[in-house]
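*Asks:* The residues making up each chain are set out below.
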Amino acid sequence: MLLTLVGLAACQKEPLTQCDAAQPLHGYYPFPVGAAISMIELGRGTAYDELARRQFNSVTPENCFKPSYLHPGPGQYYWAEADALADFSQASNQRLHGHVLIWHQQLPGWMWAFAGSPADWEALFKDHIQTVVRHFRGRVAGWDVVNEAFEADGTLRSTIWKQHLGATYLEKAFRYAHEADPEALLFYNDYDLDSNPVKRRAVLSWLRTMRQRGVPVHGLGLQMHISILNPENTQIAEALGEVQQTGLKIHLSEIDVAVNPLGKAVTPNRELLQRQADKLAFLVRTYQELPRDQQYGITFWGISDQNTWIRRYFQRDDYPLLFDDNYQPKPAYCILAR
Amino acid sequence: MTRVLLLLTGLVVSQSAAAQVAVTYFPFQSVLGVSSDTERRVWGGLNLETNTFISNVNVEVQGVVNVKRGSWVNYYTGLGLNTNPLYAVNELPLVNGYSLTFGTRIKPLPNHRNLQVVFELAPYANRYLDGGYLRTMLGLAYNFRRNTPAAPVSE
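Chains as they are written, first to last, in the working numbering: chain G, 4 to 341; chain R, 49 to 203.
With the rest of the complex left out, here is chain G (with noise of 0.2 Å):
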């Protein structure tokens, strides 16, 4: 194994740090491969408009689904862009999947306020789950039904909907989601899975349980916000090999990966590329290798570096896209595009 491993190191290719992006990503593999669209950017002919439609064959709302969006007051839906992000799917063949419906932020200012009984809060918890599922059915795949639920210790986070409806808010959410489109996948989905095991397995001991419960959970999103210094590669291998043995789909749902995540100065030299597009590569790799049928399929977390959440979150420099700012193919792209 030694000889063979010093074989190796002698005769490996340059990785490639340049290629154009002529054909679609998406092609390359046999699971759905997306991105989650803002439709502030999505214009025609636009180079992000380009992008979008060509390179993925799965779309999510990066935003405009989020109930701030969507409901923005008592009995008052606002549907003119989550259904022109659903046109734009069905135009280009792509798979619509439907974040978020039930989450503790980017909810509408009167939600916060809502001053009612218990009933009146489950009234308006069902209202939001069905209203919006049934305004879709049939249009969106499969829908993150709940969102960051938990802790980074493993316990039950503390939203206004657990305050209000109890730890059963999870169950029930599930179950309303199922009833407006029983054809819908519905999936739980959460950040740091892949890094954090007592987070991940207090998830899982909870889908256990609600599989027991005959609870319609059909698979997990695993955000994954990763960096390149964490996780390791051998974390995320654990972490897969762990969520793999529920039988669930698996989405690896919000695939960024920062180049600098300690907030540094930094310019996005090659050495950082090809760290990044190396720690991307070994992700879709292990994920290639999870049986077919739970491959939900990968979603990046915006389209181009100019687009990333992560610019306007944190208020740093960072470059964890496919695409640069100029919505240039990085290496990272060029990596999985073989």
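Errors might be hidden in some of the hints.
[Said to hold, decoys possible] Derived DEER-like restraints, expressed as beta-carbon distance ranges:
(1) R:V71 with G:Y31: 39 to 47 Å
(2) R:L186 with G:G46: 53 to 61 Å
(3) G:G119 with R:L96: 57 to 65 Å
(4) R:L182 with G:G112: 39 to 47 Å
[What the hints assert, rightly or not] Here are some chain R residues pointing at chain G (derived, C-beta under 10 Å):
(5) N138
(6) Y176
(7) D178
Don't read these hints as lab results, they were simulated from the structure. Glycine included, each C-beta is placed from N, C-alpha and C at the ideal position.
Starting from the structure of chain G, add chain R where the hints point.
*Replies:* Okay, now just chain R, sitting in the frame of chain G:
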């Protein structure tokens, strides 16, 4: 890098040539180790990370020095190079990172000194030395050496 691999290869091969082999299994980490005679002053080993995806079967090549040898327990330290041969096929860097191991091999049964309990503390750093984690490993080992000394051999 090739030179480092060659050096470690030379160490392991020369040690193994003495036909003294020890095997260790770390069940919590699913790591299988094969090494030369762990009673020698200097020994080498290969740790194979198992129960994972084929693409993640990493191999750690180690060079180890026994800093104190006794009839009940040996204390050792060593350097490791964590690699993945299959990465060459995927055009990924062959070397994952480096480890610094501090370990003990406890020989709890007086009549069966070859059966050993192994505990290792092994900080691991990635190949760029800017990230990593602290590993702890607990395992069972058997040293196939022919003549295990009954008397202490402390140095």
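*Asks:* Run every hint past the structure and note whether it holds.
*Replies:* Hints, verified against the model:
Taken as a hint, the range 39 to 47 Å holds for the pair V71 (chain R) and Y31 (chain G), whose Cβ atoms sit roughly 41 Å apart. Between L186 (chain R) and G46 (chain G) the beta carbons are some 58 Å apart, a value that agrees with the proposed interval 53 to 61 Å. At roughly 59 Å, the beta-carbon separation of G119 (chain G) and L96 (chain R) lies within the given 57 to 65 Å, and the hint holds. At about 45 Å, the beta-carbon gap between L182 (chain R) and G112 (chain G) stays in the expected band of 39 to 47 Å.
At a threshold of 10 Å, the smallest CB-CB gap from N138 (chain R) to chain G is about 6 Å, leaving the interface hint in force. Against a cut-off of 10 Å between C-beta atoms, the interface hint on Y176 (chain R) holds, since the closest Cβ of chain G lies about 7 Å away. The beta carbon of D178 (chain R) comes within 6 Å of a beta carbon in chain G, closer than 10 Å, and the hint placing it at the interface holds.
Checked against the numbered hints listed earlier, the structure breaks none of them; every hint is satisfied.
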